[in-house]
Amino acid sequence: MTAATTAENTAAEAAPVLAPRVTPVIAARHGALLTWRSLVKIKRNPEEILGLTFMPLMFVALFVFVFGQAMMGDWQAYRDFIIPGIAAQSVIFATIGTGVALNTDIEKGIFDRFRSLPIARSAPLVGAILGDLVRYALTVVAVLAVALLIGYRPSGGLLGVVAAGGVVLLFAFALCWLSAFMGLLLRTPMAVNIFGSIWMFPLTFGASTFVDPDRMPSWMAAFAEVNPVTHVTDTMRGLMEGGPVLQPLAWTLVWVAVLIGIFFPLATRAYRNRA
Amino acid sequence: MTDAIRAEGLVKRFKEQTALAGVDLTARKGAVLGVLGPNGSGKTTTVRILATLLRPDGGYAEVDGLDVVRNPHEVRRKIGLTGQYAAVDQDLSGTQNLVLIARLLGFSRRGARARAAELLARFSLTDAADRAAKTYSGGMRRRLDLAASLVGRPSLLYLDEPTTGLDPHSRNELWDVVRGLVDDGVTVLLTTQYLEEADQLADDIVVLDHGKVISRGTPDELKAQAGSQVLQVRPGDPGLLDRVGRIVEQVTGSEVRTSESSAGASVTDPAVLPEVVRRLDEAGVAIAELTLRKPSLDEVFLALTGHTAETADGAGAGAPTERTSA
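Chains as they are written, first to last, in my numbering: chain A, 1 to 275; chain B, 1 to 326.
Bear in mind the hints are in silico, worked out from the structure with no lab data behind them.
Derived Cβ-Cβ restraints for the label pairs, each shown as a range:
hint, chain 1, residue 1, chain 2, residue 2, range
1, B, Glu196, A, Pro46, 43 to 49 Å
2, A, Arg269, B, Pro168, 40 to 46 Å
3, B, Ala288, A, Pro46, 58 to 64 Å
4, B, Arg153, A, Arg269, 29 to 35 Å
Think about it this way: if two alpha-carbon atoms lie no more than 25 Å apart in a straight line, the pair counts; the simulated DSS-like pairs of lysine-lysine are:
hint, chain 1, residue 1, chain 2, residue 2
5, A, Lys108, B, Lys134
6, B, Lys134, A, Lys41
7, B, Lys134, A, Lys43
8, B, Lys78, A, Lys108
9, A, Lys108, A, Lys43
All values derive from a computational prediction rather than experimental measurement.
Using N, Cα and C, we set each Cβ at its ideal position, and we do this for glycine too.
Construct all of the structure, not just a fragment, from the sequences and the given hints.
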């Protein structure tokens with residue numbers, strides 16, 4: 001190392017002396033920086049906002065006005081029934097994006113860049129997931145905005161709606177570890193998208209999202225009764241429209257714990273081992 | 001003075017496939033070590049181990065005296081990595097990409113901006129600083145990627161096939177950048193499939209094949225082994241090929257390889273060219289084509305190993321395959 005290096009060092013601030021170890025505070029800072037990165041991407045890709053908001057908008061309009069009359073004889077009643085369901089379904093679908101984004105980062109070599117930096121090992125994963133939580137929140141807001149536009153007035157009021165949003169985001173947070181796990185395991189973003197979507201359909205439709213399980217054939221109703229999406233939707237319904245909250249909420253929390261308990265360690269291990 | 005990189009007996013297996021079968025290499029401080037080899041020879045695996053992205057199954061490697069397996073965090077503070085595929089965030093602008101890295105490395109907000117601006121200027125990207133990287137050309141993206149790996153002022157830089165897929169102009173620009181870094185005292189480990197690139201940049205070369213080092217030395221030593229140039233003669237009448245082959249053999253003194261229509265041999269002294277022309281003329285052979293060129297990687301491999309570099313699987317220059325096993 002000779003004089004030439006110092007010539008370069010004078011131009012800008014010399015590289016800061018890095019802490020010898022990553023403390024939790026530093027790790028949090030790294031996570032926040034990579035969350036920022038994830039959020040800048042929303043701004044840079046208007047089509048992503050469209051994807052996050054347009055799908056739910058379509059679902060609300062089509063389900064309410066196409067099926068509403070036939071389902072309940074009154075589209076307003078059906079609207080009030082399915083808004084919590086559509087919010088849940090849209091957010092749950094959006095979790096696929098977490099795995100796809102992680103996989104894309106790996107494919108593009110961006111993960112290697114981060115992993116070759118002296119930063120907290122957890123930061124890229126934390127940043128991706130926190131950024132996606134903002135995306136999920138955008139989706140919930142989009143569904144509710146459309147619902148309000150077509151006359152939805154939740155009896156639970158603002159507090160109920162915010163609480164319901166919190167419940168579905170909590171569930172999405174748990175579920176996105178499964179998505180992250182798939183994103184780290186599968187080979188291409190396309191594969192993540194396909195594998196992620198396949199089981200999303202039975203999960204979100206075979207639940208109380210669009211139809212009361214009491215009106216399903218018994219075997220389907222049995223599936224719907226244990227489906228976590230039913231618990232999430234019922235909790236939201238209770239909070240937004242009135243009705244039992246405690247029991248579905250308890251089940252939702254159990255599922256959240258189970259999902260995180262299984263897929264958080266699996267995802268972080270896959271993350272560490274990903275060559 | 002310790003070496004910048006010292007690796008001994010590196011072994012790495014992917015399932016049944018052995019990517020590295022005991023690789024030893026040393027990079028002197030402030031020098032460029034070229035790792036030359038075809039696709040699948042173990043170049044990228046070697047770099048990934050030395051960059052702490054992959055744990056070796058056997059052997060030992062240290063960077064600036066630090067064990068890459070036991071002290072990965074300390075190693076990461078010294079290295080910069082530019083991979084085969086420009087690893088910049090396409091959605092972020094040039095500035096944002098560099099500021100992000102700088103902030104992650106602990107620069108202040110202002111310091112990060114200054115460092116980003118400085119690097120963008122150095123790599124002629126100032127005009128594109130605020131555009132999303134996805135609008136950049138291939139060469140610009142590589143330069144941004146290289147800039148990103150230099151944010152923390154690494155003393156050791158890994159360049160994994162930095163010019164694969166670049167046009168000659170961008171390639172020359174990148175070579176100049178690498179030379180500039182070496183002038184600044186940075187140690188560079190460069191992997192490449194191109195003999196010319198190793199010849200242009202490297203002080204020492206290690207040739208990999210099937211996960212093993214099959215040759216090492218300075219570019220001159222290597223070329224002496226392989227012959228510095230290749231003479232190829234195609235007679236107008238293919239029936240005269242045998243006679244042409246004999247003449248070429250006599251003049252060059254090296255083994256002649258004949259294909260369907262031409263005869264070729266390694267040449268160390270370019271002065272043989274007029275001699276060959278004269279002898280062919282005397283023998284009354286009309287020459288359809290006569291070339292004197294640098295040996296290809298294939299020919300170096302043939303000289304060193306007796307088999308050609310296996311690039312015929314379609315994974316030639318620039319094909320984005322074999323990321324983990326290459």
